[in-house]
Amino acid sequence: MTEVRTDRTLSREGQAPSRPGAPAGEVRGPKWTKMAKRDALAAYGFLGPWILGLLAITAFPILASLYLSFTNYSAGGTPDWIGLGNYQRMLEDPRFWKSLQVTATYVLVSVPVLLGFALLLAVALNTGLRLMPLYRSAYYLPSLLGGSVALAVLWRRLFAQEGLVNDVLGWIGVVGPAWLSDPALALIPLMVLNVTTFGAPMVIFLAALRQVPQELYDAAAVDGAGAPRKFWSITLPQISPVVLFNAVITLIGAFQAFTSAYIVSGGTGGPVDSTLFYTLYLYQTGFNYFDFGYASALAWVLLVIIAAVTASTFIGSRRFVFYGGDSR
Amino acid sequence: MQLLTRRAVTAAAAAALLLTAAACSNDSSADPDPDSPVQIRFAWWGSGERNELTQGVIDLFEEANPDVVVSGEPSEFGAHWERLTVQGASGGAPCVPQQQSRYVADYATRNQLVDLGPLIEDGSIDVSGIPELLLGAGELDGTQYMIPYGSFYYTGFYNRTLLEEYGLPEPTADWDWAEWEQWLYAARDAIPADMYVTDLAAAQDLTGLFQNWVVSNGDAIYGDGELGFSEATLVEWYDLWLRFIEDGISTTPQMLGERGLTIEENPLALGQTIWWPAPDNQLSQFNAASAGAGAGEIWMDKLPNGPDGAGEVLGASGLSISTSCDGDAEIAAAARFIDFWINDAEAAALFASNNGTVTTTEFQEAQLQNSEESPYVYRQIELARQVIDEFDPTAEVTPVGGRLPSDAFVRFAQAVWLGEQTPEAAAAAFFAEANASLAAG
Amino acid sequence: MTASATIPTPRGVASRRRRRTALVRTLVRHSLIIGGLVMLIYPLIWMFLSSFRPSKEIISSTQLWPGDSFTTENYTNGWQGVGAESFSTFFLNSFVIAGLCVVGNVIACSAAAYAFAKLEFPGKRILFAIMIGTLMLPYHVQLIPQYILFSELGWVNTFLPLVVPKFLATDAFFVFLMVQFIRGLPNELMESARLDGCGHLRTFLQILVPLSLPALGTTAVFTFIWSWNDFLTPLIYLTEPDKYTVPIGLRLFLDSTGESSYGGLFAMSVLSLIPLLGFFLAFQRTLVRGIATTGLK
Chain A
1 MTEVRTDRTL SREGQAPSRP GAPAGEVRGP KWTKMAKRDA LAAYGFLGPW
51 ILGLLAITAF PILASLYLSF TNYSAGGTPD WIGLGNYQRM LEDPRFWKSL
101 QVTATYVLVS VPVLLGFALL LAVALNTGLR LMPLYRSAYY LPSLLGGSVA
151 LAVLWRRLFA QEGLVNDVLG WIGVVGPAWL SDPALALIPL MVLNVTTFGA
201 PMVIFLAALR QVPQELYDAA AVDGAGAPRK FWSITLPQIS PVVLFNAVIT
251 LIGAFQAFTS AYIVSGGTGG PVDSTLFYTL YLYQTGFNYF DFGYASALAW
301 VLLVIIAAVT ASTFIGSRRF VFYGGDSR
Chain B
1001 MQLLTRRAVT AAAAAALLLT AAACSNDSSA DPDPDSPVQI RFAWWGSGER
1051 NELTQGVIDL FEEANPDVVV SGEPSEFGAH WERLTVQGAS GGAPCVPQQQ
1101 SRYVADYATR NQLVDLGPLI EDGSIDVSGI PELLLGAGEL DGTQYMIPYG
1151 SFYYTGFYNR TLLEEYGLPE PTADWDWAEW EQWLYAARDA IPADMYVTDL
1201 AAAQDLTGLF QNWVVSNGDA IYGDGELGFS EATLVEWYDL WLRFIEDGIS
1251 TTPQMLGERG LTIEENPLAL GQTIWWPAPD NQLSQFNAAS AGAGAGEIWM
1301 DKLPNGPDGA GEVLGASGLS ISTSCDGDAE IAAAARFIDF WINDAEAAAL
1351 FASNNGTVTT TEFQEAQLQN SEESPYVYRQ IELARQVIDE FDPTAEVTPV
1401 GGRLPSDAFV RFAQAVWLGE QTPEAAAAAF FAEANASLAA G
Chain C
2001 MTASATIPTP RGVASRRRRR TALVRTLVRH SLIIGGLVML IYPLIWMFLS
2051 SFRPSKEIIS STQLWPGDSF TTENYTNGWQ GVGAESFSTF FLNSFVIAGL
2101 CVVGNVIACS AAAYAFAKLE FPGKRILFAI MIGTLMLPYH VQLIPQYILF
2151 SELGWVNTFL PLVVPKFLAT DAFFVFLMVQ FIRGLPNELM ESARLDGCGH
2201 LRTFLQILVP LSLPALGTTA VFTFIWSWND FLTPLIYLTE PDKYTVPIGL
2251 RLFLDSTGES SYGGLFAMSV LSLIPLLGFF LAFQRTLVRG IATTGLK
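So the sequences go chain by chain: A, B and C.
FYI, the working numbering numbers position 128 of the first sequence as 128, with every residue one higher than the one before it.
FYI, the working numbering numbers position 384 of the second sequence as 1384, with every residue one higher than the one before it.
FYI, the working numbering numbers position 211 of the third sequence as 2211, with every residue one higher than the one before it.
No lab work stands behind these hints: they were computed from the structure.
Treat each hint with caution, since some may be false.
To be verified - Some but not every residue of chain A turned toward chain C, in silico, with C-beta under 10 Å:
id: 1; residue: L144
id: 2; residue: L151
id: 3; residue: S312
id: 4; residue: I315
For each residue, glycine too, the CB sits at the ideal point set by N, CA and C.
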C-alpha cells in the first residue's frame, strides 16, 4: 500500500471545493468509464435504503403537507382548495409575526453562544487532562435530558422570583425580576436552557479535534507558533467541516425548538406570547385549533426560512471550510 | 479485518431477528378469530386513583360481559387530546374515546364521532336514568354525540379552616356579586399580609368564574357563530380585576407566571389564598393536596348570583363512539360498554363520581345514602342536586372553534394585567380573534 | 534546551518554578472547569436530591438537601407507575426501541454517507440537497400524513413506525454528520484499496468503518438518546400501556385535572437518565479513539 503523505503540503487554498457544501466533484462530461459505471451502481446500492425511505416515508408526508398548505383542511373533512389563501393570511396574522420575532431572537442569541461554549470547552478538554472523560460526560449531562418534563419543572423553579437565579443575583446586589412573568424577559430562561445543551456539539467538536493530526501541531511548534496561532491556523481549518456541521445543525435545531417552550410555558407560549416559538404556534394552530391547512403553510414558510439561512451558511462557509480529504 | 466483516454480518442478522420479533410480538391484537372475544379500545384521561377506579369499572364490565375485551389507554389530560386528534384524523382512534363537553364539538363536526341517536332509540344505550338537562351536555345541534357520565360546574372553593381561624363567615348559596365583593374585602383585612384572598388566574378562565358572571347578568358566553356577550362587559371584568390587583385582593401578575399547573401547586391547596373558583369534582383532590401541605380543609359553595339568576352552566365528561370503530360487533360492544357505565350500580358505586357528579339520578341517591362515602363526594353530589333543583342551570357544549377564544382570553387578560394593553384595546382585539374563530368553525 | 555548554543552568530552580506555575495553571483550569460544571448540572443535582423527598414537600420546600425527610418511597412507589403497567415494562420497551434505532441508523446512515461522500454518481448534488432539505421540515406537520401511512400499513400499536424509518436512513442528521466526517478522511486509503482490487462493499466494511468509528459512535450515542427521549411519536403510535415507553410513563405522573406525583416524576426521571449515561460512557471511548494518520498502513 502506498504510504500516506503527511499534510504539510496541503494548504487551504489548494483544497477548497468548487461548490460550498456540495459533494466533492461530480462526474462531468460524457466519459463513462467502466469504473465510473461500477461506482454509480455501487452508490445506488449504498443509497438504496435511503432512497426507499425517502420515497416511502418522507416524500409522501412532505408532499401531502405542501398540498395541504394550499387548502383549508381541518382533519376529518375534505381539503378545500384555497390557493394562496393561507399564505396571505399569514401576512396579516400578528401572532405569526410575533412568533417569527421570538424565534429569530432565540436563534440569533442562543446559537452563537452555544457554539462558542461548545468549542471553548472542547478545546479546553482536549488538552489531555486526566479527568477529561469524566468532565466530558459531566458536561454532556444536560443534553441528555432532552424534552424532560422534570427538567422543565425545575427550570421554572430556578427562574422563579424566589428562585436560585435571583438569589445569586442578590449576592451581587441585583434585584432579580420575575423572569417567567415578564414578557420582556421570559425568553431568557429558555435561551439559557438551550445554551446548557452545548454538550452535544461539544462532543462532536472533541471527536473532530481528536482527528487533527498531531504532526501539524508539532510542525507548527517547530516553526515557532504559539497556542493562539495554532488554533487559528491549524485547529479551526482542520475542524472546519465539523464547525459547519455543528453550526447548521444547531441553527436548524434552534429554529425548530419546541419542547422547552411547550413545557416551560405550559403550552401557551406565554406570558402574552413572549415565548411563542414558531413551532409552538404551528402546533397550536394544528393540534389545538384543528387548522391543518394553515399549519402546513406555516411549516413550509419555516422550511423556506431555514433553507435560506442554511444556504447562506454554506455559501458563507466557502471561504472558511477546508475538506482535508478531498484531493484534486 | 475479517473479524469486522463477520461482526458486521452478525450484527445485521441480530438486528433483523430483533426486528422480526418486535413486529411479530405485536400481531396478536390483529387476530380475526371469530370465536375470540370482541376487542374494543377505550381511551381516557387521568392519573393515580382515577386510573385505578376506571380499570376497576372495566374489570366489572368484562366480568359481566365475557365476550368483550376492553383494552384501556389512559394518558394525561393534554396528551389525551393530542393523541385523539392525530388518531382521529387518520382513522385510528379508539372505539370509545372519553369526551368532554368543552371538546366534543371539535371532534363531532369533523366526522370523528358517531351519532348515538340510533343506539339510544333501539335501546342499546339506555339513557332513561339521566335527566334531559344533562344529556344536553353531550348534544350538538340536536345530535347526541356523547353520553355524559359525570357532570361538573364551577363552584367557589374556600379554605374552611382558615376562614374559621380568621373569623370570617363562610360563603352561602344565595349571595350576589356585591356581597361577594364585600366578603373579599373583609377577607383581605382579616388575613395576614403575606396571603392573598384569591388567585389572579381565576379571572382568566373563559368558561369559569367569568361565565357565571356573564350568564348571571343575562348574557351567554357563546352566541350563534360569535361571542354572546359584549365588549363593554369584558372591559368591566378587566376593570374589576385590575382593581382587585391594586387593592391586594388577588395575587399579582408576576406571581401568575410562576404558578404551577397542577392541583397540588394551586395556591389554595398550599394555604396561600383562601378562595378559588374550580370545577366541583376537584374538591376531593384539593383536599388531598391541602392535607399533604398541611393547609387545612377545603369546602365549597355555589358561586354568586346575579340579576338574571345563578348563571350556572353545567358541563360534563362522558363517553362516545369514534367513527374509526370498525365492525358491527365492535360498535355493539362499545354501546354495551357505555350503557354499563351509566346503568350499572356496582360500577357507579366503585367510581364514586370521581370525574364529575354521576349523571344517573338513581346512583346519585345511592351515593348520597352511602354512609361510607367521602364527605367531599357527598358535598359534591349534594350541591350539584341543589343547583339543578333550585337554580335552573343550563348544560352546554362548547361550540366548534371555541378553543381559540379560551386560549385567547388568557392571553389578552394577561396583556391587560401586565399593562401591555388597555382594557378597551384588549377587548376589541380579543373579540376580533374569537369571533373569527367561531365564525369559521 | 538553550543552555550553552560552558555555563551550567540553575536547572533545579527553573524547573521548580516551571513546575509550580504548571501546577497553578492546572489547578486554575480544573477549578474553572468544575465551577462551570457545577453551575451547569445544578438542576440535575436538585432533581436527584428532590427525588428523595416526599412528593408534597417537593412543592413547598426550597432547600436542596432532604435532611430529615429523606425517603426512598418515590422510587418504590414511582416504579409501580400510574395505572396498569410498571416501569419495568416501560424501560424494557424503551430499550428495545432505542437499541433497534441505533442499529438501523448506524447501518443505513453510514451506507448512505459513504455514497455521498466518496462515490460519484449522476444526480448526486440533487440528492444531497434533498437530503439536507428533509432536515428542515418541522416534524409536526409530517405527523398526520405519516400516521395515515402507517395506519394503512397496519403498523399502529407496534414498534414498527418508530424503528423501520431508522433502517431506511430517514434521519438525515446522521447522514449529514457522517458525510462531513468521512470527507475528512484521506482519499488515498480508499483509492489504494480499490487499486488492490477491493470492491466497494469490502472497502466500506474493512476500511471506512474502522476509520469512522468516532462518527459511528457519535451516531449510536445520539440515536440512543433521542430515541429514548422521544415523546410524541411513541405517544401516538403506541396505544396500549404495555407498549408505552419511559417518557410517556413519566408524563403520566403529572395531571392538571387530577393527582400529580412530583416525587415519582423526579425519581423515575433520575432512573431514566442512567441508561442514557451508561450508553454515553460506554461509547465515548469510540468517540475518543482518533486516528493517527501517520503510520496507517
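Hint-by-hint comparison with the structure:
no.: 1; hint: L144; result: holds, 5 Å
no.: 2; hint: L151; result: holds, 6 Å
no.: 3; hint: S312; result: violated, 13 Å
no.: 4; hint: I315; result: violated, 13 Å
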